[in-house]
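Peer 1: Make a model of the complete structure from these sequences and hints.
Under this note's numbering, residues 1 to 199 are what the sequence shown spells out, in order.
What follows is a set of in silico ranges between Cβ atoms, one per label pair, in the way DEER data are often shown:
1. N127 x A89: 33 to 39 Å
2. D78 x Y186: 18 to 24 Å
3. G167 x T49: 45 to 51 Å
4. W16 x D183: 18 to 24 Å
Since the hints were made in silico from the structure, they are not lab data. The C-beta atom is built at its ideal place from N, Cα and C for all residues, glycine as well.
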Amino acid sequence: GVAGSAIRNAIVDMHWASDGNIYICVKDKYNGQNVAGSAGRVFRLRPSTGELTEWHLGTTPGPAEFFAHVPYASYYFDGKLYVGTFPDAIDESAQLYASNGTNAASEGSFTVGGHNIGFISCFQEYNGRLFMGTGDWDTTPTHAQLLSRRPGDFVTAWVAIVTATGGAATSGNYFVSMALFGDALYASWYGNNGSATVY
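Peer 2: Below you can see the structure in the form of C-alpha cells.
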C-alpha cells in the first residue's frame with residue numbers, strides 16, 4: 001500500500017443484519033505502525049447490488065470515522081448497528097458505539113460493577129433484548145459478564161445477566177459466542193484457566 005495508508009489486514013466480524021445488509025468489521029494495519037495503534041473500520045455490503053459503503057461511526061454527522069480500537073463484534077438492533085471493540089493493550093477499556101449510519105452514540109469506556117470491560121466479544125438478540133458478551137483483559141482480572149438491554153434504552157442502560165464462574169478469574173476469559181435453540185439463549189464462556197461453561 002501507499003506509505004501511511006491503511007491496509008485491510010483482517011476481517012474480524014461479519015453480521016447479516018435484519019435490515020438485509022451485511023456488516024463487516026475489519027482491522028486496519030498502518031505502514032510503520034507495527035506495534036501499537038491498531039485501528040479498524042466497519043463497512044456495509046448490500047447483497048442485492050454489491051455496493052460497499054464505509055459505515056459512519058463518528059459521534060457527529062459527516063464522513064465516516066475510523067476506530068482507535070479494533071471493531072471486534074457487531075449487531076443490528078433497534079434500528080442501529082452496535083459495534084464493540086477490542087483495545088490495543090492490556091488494562092484499556094472497550095468502546096461501544098451505536099449508529100444509524102448518519103449519527104452515532106458512543107458509550108465510551110464503561111464499567112460494570114466498578115470493573116472496566118476489557119473487550120466486547122459477541123452479541124445476540126433474544127426475547128426483544130440485545131445481549132452482549134464481554135471479555136476481561138486486565139492485570140487484576142475478574143470473570144467476564146453477559147449483559148442485556150431493551151430497545152429504546154438510554155446510554156449505559158445495560159443490565160448484568162450472568163457473571164461467569166469457574167476457577168480463579170484469568171485475563172483473557174470471555175463469552176465466546178451465543179446461539180438460539182428452542183426457546184432459550186445459550187452462551188459459551190472460555191475461562192483461560194482450564195474452565196469452560198455453556199450457560
